[in-house]
Structures are given as C-alpha cells and as structure tokens.
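We have chain Z; now place chains S and Y onto it with these hints.
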Amino acid sequence: MNYNWNWGILFEEQYFNWLLSGLGWTVSVALSAWVMAFTLGSLVGVGRTVPNRLVRTLCTAYVELFRNIPLLVQMFIWYFAVPELVPDDMGRWMKRDMPNPEFVTAVIALGFYTASRVAEQVRAGIETVPAGLNAAAKSQGLSLGQTYRYILLPISFRLIVPPMTSEFLTIFKNSSLALTIGLLELTAQSQQIAEYTFQGFEAFTAATVIYVCIALLATILMQLLERHTRIPGYVGKEA
Amino acid sequence: MGDFDFQVIINSLPFLWQGLQLSLWLTFLAIIGGLAFGTLLALARLSGIRTLAFVAAGYVNLIRSIPLILVIFWFYFLVPLALGRPVGGFQSALIAFVMFEAAYYSEIMRAGIQSVRKGQVHAGQASGLGYWQIQRYIVLPQAFRNMIPILVTQGIILFQDTSLVFVVSLRDFMTASSIVARTEGRLVEMYLFAALVYFVICFAGSMLVRYLKGRMAT
Amino acid sequence: MIEIKNISKWYGAFQVLDNCSSSVSKGEVVVVCGPSGSGKSTLIKCVNGLEPVNQGNITVDGQEVTAKNTNLTKLRSRIGMVFQHFELYPHMSVLENLCLAQEKVLKRSREEAVSRAEALIERVGLSEHIGKFPSQLSGGQQQRVAIARSLAMDPIAMLFDEPTSALDPEMINEVLDVMVELAKEGMTMMVVTHEMGFAKKVADRVVFMDEGRIVEDRPTDDFFGNPESERARDFLSKILNH
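Residue numbers (my numbering), protein chains in the order written: chain Z, 1 to 239; chain S, 240 to 457; chain Y, 458 to 699.
Keep in mind the hints are simulated off the structure, nothing from the lab. Errors might be hidden in some of the hints.
Derived DSBU-like pairs (lysine-lysine); straight-line CA-CA distance at most 35 Å [stated by the list, open to error]:
1. Y/589 with Y/462
2. Y/695 with Y/641
3. Y/462 with S/452
4. Y/658 with Y/502
5. Y/502 with Y/525
6. S/357 with Y/658
In isolation and in its complexed conformation, chain Z is listed as follows (with noise of 0.2 Å):
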C-alpha cells in the first residue's frame, strides 16, 4: 500500500473551515428535520391508534407511503419535480426566492420521511400500554383526548426512548443524502477534501470521527432523558 500520509492537512485554515462549516449543516439539517419529524410522527402515530376507521387509513397510507420509497428518490421529488407541480406562481417562486433552496428541501424531505418512521414507533408504544389501563380510565369517566393526554402518551412515550434514540441518530446519518441535491454537509466537505488534496485517509477518518462523536453525544443525552423520565419499577407490559 502506497500512501503519503498527512493530517496536517486537516488543520490547514481552508479545510478546517469546510469541515467546520460541513458540520454546521449536518446539525442543522438533523436538528430541523427531527423536530419536524417528531410532531408530524407523534401526530400520524396517534393517529393510527384512535377509533376512527377514516382517520386510520389515512395515517396508515401516510406511513406507507413514505417508508416504502428510498429517502433519495424522495428528496429528488421535493428538489426536482414538486416546483414543477405546484401552481406556476410558486413553482417560480421555489426555484427563484426561496432562501437557502438546498437545505429548506433537505429539512421538508428527512421530515416527512423520517415523520414516517417516529410514526410507527409512537403507534407499537402505545400498543404496549395494556388494554386494560384504556379500560380504567374510560370506566373513571375519562374522555378520549384525556385518556391519550393523561394516560396512553405519557405511557408510550416513556416506553419508547430507545427506539427513538435510534431514529434520532439515524436522522444525522441520513442528513448526508442532502448532498445529492448539492448541499455541502459533512460528508460532502469530506468527500471535497479527498478530491482537493488526495488525501482520502484523512478527510474521510475526519468525518467518522465526527459522526462517532455526534453519535456518542446524542446517545448520553437520550439516556440521560431516559433516566429522568423513568416510572420506579414499571418496565411495561412484558413485566
């Protein structure tokens, strides 16, 4: 194996910056598009359980839809097609004024994707709340939106930190895909160093160690919520 090996060349000024700057877009796009993800899916995921047959399919084709098509051919649609086939004003608009084009489209595409997925992971907690906890509390008088308010999501959501921690670090993976429609996150700027200077080794042990980090970080909060918010000695329906 023939390599000139230099890490210096991380720290030179120029590259330094672009991984800085890579690293700045990788959070932001991720932070972004979770919290869009986590409302949207929370709300698609209720969705699924309640006693509403039209309200259930409806959630039910939304998650279908969107985890059934590669994440990529989605953020071509939302980049390429959807200015196309929204009204001409806005179809102008998209592709003339909107600010910040590649990463609005980035944030929309890993949301409603991702939305999908958080979707189904708030439906399975609160199909683990047992039965019989909806039963008690619609025997107390308890309306619907208050049996979810006060019961079943304060339940499943406790339940389902782990999952969640999972998606959550799948999100910053998935915020590479961003570079396919030409925004210079992370794993661009690394691919970029490799180009300019041929020093692939480096560039690309750079962006890993950053992800690990990222994902070390991510992991230590989430366990750390998880220890916060657990009920003393209740470890779900398995118990």
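Chains S and Y only, in chain Z's frame:
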C-alpha cells in the same frame, strides 16, 4: 400535470430494467454477504472471548454511527488502494454494502439469539445436551424463526439503500432514472416513476413481512 | 338502579351472552359467579358500556347505557369499576392515581381532590404509601388503591370484575375486608367473583352464569342451600371442596 409524458418512460424501459437488475443483484449479494459476516460478528460478540467480543462490538458501533454514503466513499477509496489496482465500481459498492449491512444484521442475530428464553437452554442442559447441540437444535432454530420477518424488513431497507450508489454513479435503477431524467429533460416523470417502482416492490415486501408475522403469531 | 334486559352479544360467530336479564336495586349487593368463559366478565363490562351489546338494553339510574345518544363518559364517571389486574396508572403516584379523574372529569379543585384522596387512602389503610408508585406496592395494596380510586368519584354503584383472582392467597382477605365494609355501608355493588365466602357473608342475591346464559338468579341463602340446576350444584361442589 397536463403534459405528463408517458412516452419517455416507455422508451427508456429497457435501460431502466438494466438498472433495476443491477439494484436487485446488488441487494441479493449484499444480503448473502451481510448475513454471513453479520453472523460471524454476532457469534464473536456472544463468544465470551473478551477481546473478540470487544473488537466485534467496536466495529458494529462504529459502522452504525456513520452514514452509508460515507461508508461507500470509504470503500471506493480504500479498495483500490488496498489492492494496488483500480477495481470496478460494482465490486467496491458491494464490499461497502456487505461491510455496512453486516453491522445491522449482527444486531438482529444477536437479539434473535437472546430472544430465546433462558429456560430453553436450561431444559436442554437438563436433558444432557452439550453447548453446541443446544445451539444447533434448540437456540438457533427458534432464534432464526423469530428473526425471519425482521430480516426481510432489513432486506427491504437494503434494497432502498442501494439507490445511494448514485453518489458514485454506478448505474442502478435510481441512477438510470436520473440519467434519463436529465438527458430527456423529464425530471417529474422519471422521478415519480422511480418512486412508483420502488414503492410497489417495497410495499409488496412489507406485505410479505406482515404475512410472516401473522403466521408466526398463530 | 341497574336494569339488564334481554342482552345478547356475539364475538364474530361465537355468542358470549345469550338473552341475559337481571337487576340490582339501590343498596343491593349482587354476586355473579360461574365457570370461566361463562360470560360473567363480559356481562359486567356491558353495564358501563366498556363492551357494546348487540341486542337488548341496559339502564343505570334511569339512563340507557345502550342508547346512542347517552353521554357514556359522564355515565361511567358515576359508576366505579375495579379490575382483575388493578389497572392503576403506572406512571403516577398513588395520590395522582386518585386525583386525576377527580380533577379532569369532576373538575374538582386540587385541594378538594387531594383531601378526598387522602381520606380514602386512609380508609383503605395505606396512608404511608400515598407517595409511592403502583409497582412499588404488593398486589393486595394495589387493589385497595384501585378501590379507593373508584370511590374518589363518589360512585352511585360499584362494579368489581374478579377483584381478587390475580392476587396471592394471603392478600385476598385484605381486599375482601374493604369490600365487605363497603357493602355494609350500603353501597350498590355488582361483583364477579369466585369467593363464595364473600358471597355468603354480604350478597343479597347470586347470579349464576354458564355458557353465556344466566342459569340462576336467586337470593343468596336459596342459592347455596338449594341450587336448582345441575350445573350450579356441580360448580358449587367443585369450588367449595377446596
């Protein structure tokens, strides 16, 4: 929508079909390779040999922390470097997918093996079976049965993931669609069509998963 | 107070309730018993509308449970129910379990709800556990909390669905004692149970069910002294002989 051009799709079907074949072939080979390497990783983690378990766990956690696109970039860079000669894009992509998917398959395997109740192992021990006999006749058959639906689900995800070879211009179904979209200037038609094809295949796969789960529940 | 008239219910092709009629008057204690799968739990769940019926009707305090325009949530808040598996809210302390519906359904003030809760928890003898979570209590203690939770709503009647059958034997009596006391105070009660000692002690009437039908519905002494049907005799001999 009025000028939706179906003709461009029909004209490019042979070209797209070649791309789809590459996607499916890549998926198939990556599942086989990923399962094999993933099983080794899972066994290493459960082996009780500390160094081995530690290395395997480190590998799995490392791969699971980074994006697939970065893994693809890594192997496009590393494989020719390690071999000292240029290799085809398909080989590099296949190695990247195998190395990436193995990390996920090994976690599925590990969970599957651990999902078999301890009492089953005890029952095996009580009737005088040895360690490997217990694994072979009691634990693994049950573990594998429990894992089938999730393995299929992971296969569907893998099939969707193969679209990412777009970043290295390997001509899979996605890249083929994109080439037609650009050369013909028909982005809307081609990307919606690509979405439809992926949806039909993946939705059929998820119906299969549901069927398998239903059969297991009884 | 509770009128059950000719109700029938099917799960698909399987008939769980077959033309059942009975009633519970104010202050009366009625025990429902029968072999497992006889439909007794389903029957009691129909009384507060947790299970819908396919035919017949049920009225509670003059209100038809089975009618479409009945405000079920409001009606349910006036009927207490105790479940086999307690169904305490696991993420809330004992105190919050008792306060939730008082505040959210009855719109009581926080102070009012807390003082009512404290009084009831003292009554079931668990004052020192009021800040604990359900999973930190024994089964018998959890069921006493569940009874107190129902009482906090000042119910006009109480339904018990096998309240002791998920309990370890040594905990059954602490729950039955609370129920006996309630009965003696004149609470209207409908109790699904296998505890024949409890039935003999406090029940006014016993309803015996088998295969979805009400086979006997008679005063307690009659039922135990001289069961009419072969099936009731068979059931009693099995359950009383151990």
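Evaluation of the provided hints:
| no. | hint | in the structure |
| --- | --- | --- |
| 1 | Y/589 with Y/462 | violated, 43 Å |
| 2 | Y/695 with Y/641 | holds, 29 Å |
| 3 | Y/462 with S/452 | violated, 42 Å |
| 4 | Y/658 with Y/502 | holds, 24 Å |
| 5 | Y/502 with Y/525 | holds, 17 Å |
| 6 | S/357 with Y/658 | violated, 46 Å |
Violation of the numbered hints given earlier is confined to hints 1, 3 and 6; the remaining hints are satisfied by the structure.
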